[in-house]
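Engineer: Chain order of the listed sequences is A and B.
According to our numbering, the first sequence holds residues 22 to 324 in order.
According to our numbering, the second sequence holds residues 210 to 409 in order.
No lab work stands behind these hints, which were simulated from the structure alone.
Quantities reported herein were computed from a predicted structural model and do not represent experimental measurements.
Careful: at least some of the hints might be erroneous.
[As the list claims (entries may be wrong)] Just a sample of chain A residues kept apart from chain B, beta carbon distances all over 10 Å, derived:
1) Gly49
2) Val56
3) Glu65
4) Asp66
5) Gly68
6) Arg77
7) Pro107
8) Asn144
9) Arg220
10) Phe287
[What the hints assert, rightly or not] Quick list of the computed label-pair ranges, beta carbon to beta carbon:
11) B:Ser304 <-> A:Arg299: 22 to 28 Å
12) B:Ser304 <-> A:Glu303: 24 to 30 Å
13) A:Gly206 <-> B:Val267: 18 to 24 Å
14) B:His368 <-> A:Arg299: 43 to 49 Å
[Stated by the list, open to error] Here are some of the chain B residues that sit facing chain A, going by a computed Cβ distance under 8 Å:
15) Leu219
16) Gly221
17) Arg276
18) Arg303
19) Glu307
20) Glu326
21) Thr338
22) Ile347
Glycine included, each C-beta is placed from N, C-alpha and C at the ideal position.
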Amino acid sequence: MSSTLSENQGPATGTARVKRGMAEQLKGGVIMDVVTPDQAKIAEDAGAVAVMALERVPADIRKDGGVARMSDPDMIEGIIDAVSIPVMAKSRIGHFVEAQVLQSLGVDYIDESEVLTPADEVNHSDKFAFTTPFVCGATNLGEALRRIAEGAAMIRSKGEAGTGNVVEAVRHLRQIKNEIARLRGYDNNELYAAAKELRAPYELVKEVAELGKLPVVLFSAGGVATPADAALMRQLGAEGVFVGSGIFKSGDPAKRAAAIVKATTFYDDPKVIADASRNLGEAMVGINCDTLPETERYANRGW
Amino acid sequence: MTVIIGVLALQGDVREHLVALAAADAVAREVRRPEELAEVDGLVIPGGESTTISKLAVLFGLMEPLRARVRDGLPVYGTCAGMIMLADKILDPRSGQETVGGIDMIVRRNAFGRQNESFEAAVDIKGVTGDPVEGVFIRAPWVESVGAGAEVLAEHDGHVVAVRQGNALATSFHPELTGDHRVHGLFADMVRANRARRSL
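Okay, chain B solo, but in the shape it has when bound (with noise of 0.2 Å):
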């Protein structure tokens, strides 16, 4: 089945996921405008600045129309501020900082550190099999903690990483910039069995 999938392109790594995405055989294109929002099956909200990210949002009419989505079962992933983005709470918001919301978990931003902290390490993931994957991790968020509705799917150095609430996935660490896709295909497999359920 094809499944158009969006990559929320206001500002980040939009380029890297249009290509897993059309590697995991998806129909990639970017979302920039609420009309272009309402055309996907699917969204990705990629690593970039999460203020940024926020900020643009708000300012383009955005915030309001992805939330409905999201409440209405959207499939959305998010990597490393895409994560920040889809959590119900940030523990440090900077003034102003607003979240799409969608999966209950607290989220500390920039917990493993600065940039000279940013890091790789090999990372197992529930639900993607074979070898682990390659964790990137860049000024990356841990989870600090999660509600009843949210399933840990990973942890690193005792931090949750990963994490997924019904039909929506949040990585602390960027799949995207690895090659590997399986992490992409986990998820176009997600908004396909979405699709499907839907067209019943």
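Next comes chain A alone, as it looks inside the complex (with noise of 0.2 Å):
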């Protein structure tokens, strides 16, 4: 739970400023997946700010299909010794005891993510009850609020993960801050209706108008498979991407690495993002995200 620090407390630790304030640390940065110990050392070598260590890239999620649950801890235990830079890992959607697990591992970032099947199909966890600050995803403002409102640190939209296509983080950003936008206009006769439509706490929804932003930092993540995706994604105003499988599932995953995170850095400069997409290799192949069925869209899950 968030404490206040006063002189004569000792150190606070799990604070909402140590952790939101680790998310601020990420920013403008590519946090990248990975399925072992030696890709984690090419994501780090190409300059990645974290990984989200996991067993399968959701591409394979998808592929394999069945239940897809937290990593095994001692492939967590094992990336998390390889690496200097922050290791994140993902829980299942209200499965908190999974959080609790990957909160015991040591761990950076717990991801309460669509991408695995979700485990409680009303409630997501109470993320005040760690000391690890949590990221979740959003498809639009409303969704982002209930999750700063049930303590996550830091927000991502959903997009569509493990199809290569960029499609849905594009509308998913695009929405979050439309409704900002939106609230920034608004009187504060208005914004009680407002928070009343969105199904966010009032206090949250003020502060977003008030800040023209989420009192958190939002990246971007589902289906970012080049510099250019990663370029448009913080073009459109996220502060940061995650790349899932458009890494490693492409023909030369070290070179594609080094350039989605030159292409981050330089988001607005064509002629940097211009050189960081020759000669790349193979990308990965891509689901059409209109050909999905509905019962298949990670982004549904979450409530």
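Once you've looked at the hints, go ahead and assemble the two chains, each given alone in its own frame, into the complex.
Structural biologist: Now the structure itself:
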């Protein structure tokens, strides 16, 4: 639980400032999905700001079907030992025991993720109950604010993971940005109704209307496969990007990883993005989202 | 006197530093290219991932210009990853991790632990008057040892967490996350004093 600092008190861990502040340090960076310690090292060498440790990248989860769960602790620890950058790991939505396990392993961030099969179709985990900070996916502003109200210290667009298709991430980011812009124009009377409509706490809605941004860091995730995709998400307002299957499902992961890092930093410089895009080899094949049945859309998971 | 202070914007909490510097009456702007570096009177190296910032600095031709300007006396302030970048030596560098240097100190990365050990604590800093500052330590480094030229400004739990050598200042923690702009004020004063000396 967040606590305030006073002089008589010892050091305070797990405060909102420490959790949200951790995400601030990741801004402008790329967080990469990895399934082995070797991949984690490739990601670190390419300039990733963090890695997401998991057993299967979303493209394979999609292919294999079945129930997708938290990864093997041995596998997560192997990755923690292999790199010095922060390590994140995924728990199922509402599976607070998986989250407890991840915290005990010492991961730096927990992603309560729709990519895994949800464990609870009503409730998400109470994220204030943890010292380890959480990142959660969102498709719109109301969803983002409900996650923040539950204690999320970082938000990412959901996109449609494992497709290599950026269209859903664009939709979600634009949606969040547009809804924030609309709130900016509301007067105090209108904010109460807006909170009802967004199904989010009034205090958070008011804070967003005043700040003109979320009170936590906003990244993009779900479908980024190329340097230009990453730069697009940044130009649309994402403060950094997650890349899942896009790197290690491509022809030359090390080169593509470094290229996406470059394009994320110089997202507004087409010459740098062009140079980064040269000779990267095969991109992941990708799936057209309009051919995906509703039941196979991960973005629909979460409430 | 109006001074221009850049924030190295390759990766990290750039925005918070820009806000803090503006509050300290400096003109604050992002620096990602050598020509942008050439125009500033002082530079902040923000918090972030030190391995990423180091790699991008080398990749985009900033490392040598940064070293040259720091050697030449450019006032610099590094927080967390920025402190690591200003260290003459890192205890446990990743392969190929280079630093700008400028402070005769050896820094240990993530010395206070992983994210679950990240904490807030009050810190007394030499040169900052009034109440202690609220130190926000995130996977923070500490200074293992300092050379004769470097002055220790603050300690926490027996470890050195703030250092100054000439025009270079470094803290393990993140004043930019607190809304208390006194440390940035101290740095802005260093930049103004340096400008005044140079224009004599």
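Engineer: Please go over all the hints and tell whether each is borne out by the structure.
Structural biologist: Going down the list of hints, with the structure as the test:
no., hint, result
1, Gly49, "violated (4 Å)"
2, Val56, "holds (21 Å)"
3, Glu65, "violated (6 Å)"
4, Asp66, "violated (8 Å)"
5, Gly68, "violated (5 Å)"
6, Arg77, "holds (24 Å)"
7, Pro107, "violated (7 Å)"
8, Asn144, "holds (24 Å)"
9, Arg220, "holds (29 Å)"
10, Phe287, "violated (7 Å)"
11, B:Ser304 <-> A:Arg299: 22 to 28 Å, "holds (26 Å)"
12, B:Ser304 <-> A:Glu303: 24 to 30 Å, "holds (28 Å)"
13, A:Gly206 <-> B:Val267: 18 to 24 Å, "violated (45 Å)"
14, B:His368 <-> A:Arg299: 43 to 49 Å, "holds (46 Å)"
15, Leu219, "holds (6 Å)"
16, Gly221, "holds (6 Å)"
17, Arg276, "violated (20 Å)"
18, Arg303, "holds (6 Å)"
19, Glu307, "violated (13 Å)"
20, Glu326, "holds (7 Å)"
21, Thr338, "violated (16 Å)"
22, Ile347, "holds (5 Å)"
The structure shown violates the earlier hints numbered 1, 3, 4, 5, 7, 10, 13, 17, 19, 21.
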